[in-house]
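Asks: Below, each chain spelled out in residue letters.
Number of protein chains: 2
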Amino acid sequence: MAGLIAPVARLIEEFSKLPGIGTKTAQRLTYHVLRASTDDARALAAALIGIKENVAYCSVCCNITEAGVDPCDLCADPRRESGRICVVEEPLDVLAIERTGEFRGRYHVLHGAISPIDGIGPERLRTRELLSRATAGGIEEVILATNPNLEGEATAMYLADLLRPHVASVTRIARGLPVGGDLEYADDVTLIRSLQGRRAVER
Amino acid sequence: MAGLIAPVARLIEEFSKLPGIGTKTAQRLTYHVLRASTDDARALAAALIGIKENVAYCSVCCNITEAGVDPCDLCADPRRESGRICVVEEPLDVLAIERTGEFRGRYHVLHGAISPIDGIGPERLRTRELLSRATAGGIEEVILATNPNLEGEATAMYLADLLRPHVASVTRIARGLPVGGDLEYADDVTLIRSLQGRRAVER
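Here the protein sequences come in this chain order: W and E. Quick note on numbering that gives the first Met the number 0: the first sequence kicks off at 0 and runs consecutively. Quick note on numbering that gives the first Met the number 0: the second sequence kicks off at 0 and runs consecutively.
Hints in this document: simulated from the structure, not taken from any laboratory. Check the hints yourself; a few may be wrong.
Stated by the list, open to error - As a list, the in silico SDA-like pairs of lysine to any residue whose alpha-carbon atoms are at most 25 Å apart: (1) E/Lys16 / E/Arg41; (2) W/Lys51 / E/Ala185; (3) W/Lys51 / E/Ala45; (4) E/Lys51 / W/Pro18; (5) W/Lys51 / E/Ala35.
Said to hold, decoys possible - Computed from the model, here is a short list of chain W residues facing chain E with C-beta under 10 Å: (6) Pro6; (7) Gly19; (8) Arg27; (9) Val32; (10) Arg34; (11) Glu97.
Claimed, not checked - To spell it out: a stretch of chain E is covered by chain W in this simulated footprint if at least three of its residues, at any positions, have a beta carbon under 8 Å from a beta carbon of chain W; those stretches are: (12) 61-67; (13) 176-185.
Nothing here was measured: the structure is a model prediction, and the numbers come from that model. All C-beta atoms in this analysis are idealised placements derived from N, C-alpha and C, irrespective of residue type, glycine included.
Throw the hints in and build the complete structure from the sequences for me.
Replies: Here it is as structure tokens:
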């Protein structure tokens, strides 16, 4: 198209490849970069290269770690309870749980969930590494904190069967009404889970 | 925060600087890049550098052009009417007008609009270059195609006064109801413009 010169077309195309970024947004971002300083553009480019060159995976928990830092800071921290492993799908889930300050154990990052539709079986996830940790002994509890959706539930069921012979306690995070939510507007499945997961009211 | 390693934090921060990208979206994009291939990340980084290194401004119309291509393809095209200049705010506006196929003249890109609130006066825009083109002679019509908002209107009024002594005809694109729109839902200002801009129905 007249006016759309090659370097501009190329950046629009690359931005469009990112998830949730359509052509219009990609155009807007591209013209922003065009107007921004060269330093700003270089900083983003350097951060993109940096994340590929300076990120590695922890050999213990499989979470991302800075290149050369293995095991990761969390796995190396002697103040964390080593007998408790919280299993999550993605590195961002570790951040979410850390933000709560409620969990003081270790993590294991699967990097995905079982999804037959997408052709993702347990062998595509970091399940072997998790089984090794469980069979090595010293683990009292594995908390399955995969997402409360179809894939996450399937993954939790699979892992529960896999780990039960080796670990004293395999638990699943509670599913129920979100705090601040409204019973009237809750979906049926959440309400059913909420009833099934009911607990005695402490005096 | 535990788990948020430096290269990841840095890319989240850089993505957040882009317009319309909040922290959550920046996190999502960052973890997408982390999972994507190194080639994909490098391609985006190269496109970012490329747009700063390979884009220049046409010395005639001030639109962006590939480095070394001056005047730009549109200004160099002998098939375009050289007596008609369409003035727009941004390079993307040139694309929008070219898409219609309705205009066969030349362009002039201001790179912004007059905005006293943001401290942008006419001297910050490419108005001097436009005046030079107008005073050089041979221009029958200048079409002011700045945006139909406060800044765009102010810019059009300013340019009309500036150019009128030098150009036979200074016109403004029509403002009115968008095609496919609904009179009932049109805002008052648009409706007023639409009435003011009424034209005799051709037989």
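Asks: Does each hint fit the structure? Answer for all of them.
Replies: Each hint, compared with the structure:
1. E/Lys16 / E/Arg41: Holds, at about 20 Å.
2. W/Lys51 / E/Ala185: Given pair W/Lys51, E/Ala185 is violated - Cα atoms ~50 Å apart, limit 25 Å.
3. W/Lys51 / E/Ala45: holds (14 Å)
4. E/Lys51 / W/Pro18: Given pair E/Lys51, W/Pro18 holds - Cα atoms ~24 Å apart, limit 25 Å.
5. W/Lys51 / E/Ala35: At roughly 9 Å apart (the allowed maximum being 25 Å), E/Ala35 and W/Lys51 satisfy the hint.
6. Pro6: Where the cut-off is 10 Å and the nearest Cβ of chain E is about 4 Å from W/Pro6, the hint holds.
7. Gly19: holds (7 Å)
8. Arg27: holds (7 Å)
9. Val32: Since chain E brings a Cβ to about 6 Å from W/Val32, closer than 10 Å, the hint holds.
10. Arg34: W/Arg34 check passes; min Cβ-Cβ to chain E is 8 Å, inside 10 Å.
11. Glu97: holds (5 Å)
12. 61-67: holds (count 4)
13. 176-185: violated (count 0)
In summary, the numbered hints that this structure violates are 2, 13.
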